[in-house]
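Q: Sequence:
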Amino acid sequence: MLSFYSEQFERDMGCTAADWLRWLPAALGDHPCSMNDGAARVQLDGGALQLSWRVEAPLRIALVRMPRLHVEFVFTGLDDVARHRFMTRFDLYLQRGGG
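Positions 3 to 101 (my numbering) are the ones given, in order, by the sequence shown.
Calculated from the structure, these hints are not laboratory results.
Each hint should be verified, as a subset may be incorrect.
[Said to hold, decoys possible] Label pairs and their in silico Cβ distance ranges:
#	residue 1	residue 2	range
1	Cys35	Arg62	10 to 20 Å
2	Ala59	Val83	30 to 40 Å
3	Leu61	Arg24	13 to 23 Å
All C-beta atoms, glycine included, are put in the ideal place defined by N, C-alpha and C.
Work the whole structure out from these sequences, hints included.
A: Put into structure tokens, the structure is as follows:
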């Protein structure tokens, strides 16, 4: 989790497109969202978030093969605090790992 989220950034996610589409509605919470092929527009606190994604070649480390999804985030009409508030919840929801 970051302390600052810029208006536009990109990430490589370690998931398939099917995983992303299954997780995304809950990660967005109660925010209205419209989706089409490889993109979503989310209405947020007087602003919006445009998401777009594409499948990339899997990441290979020795015998491990991890799916990779490239995701672009573009916020409009939101200040630093609103972006941080949204992304903190979003990142916590999508966080995966073992213990």
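Q: For each hint, tell me whether it holds in the structure or not.
A: Evaluated hints:
{"no.": "1", "hint": "Cys35 x Arg62: 10 to 20 Å", "result": "violated, 33 Å"}
{"no.": "2", "hint": "Ala59 x Val83: 30 to 40 Å", "result": "holds, 37 Å"}
{"no.": "3", "hint": "Leu61 x Arg24: 13 to 23 Å", "result": "holds, 20 Å"}
Checked against the numbered hints above, the structure breaks only hint 1 and satisfies the rest.
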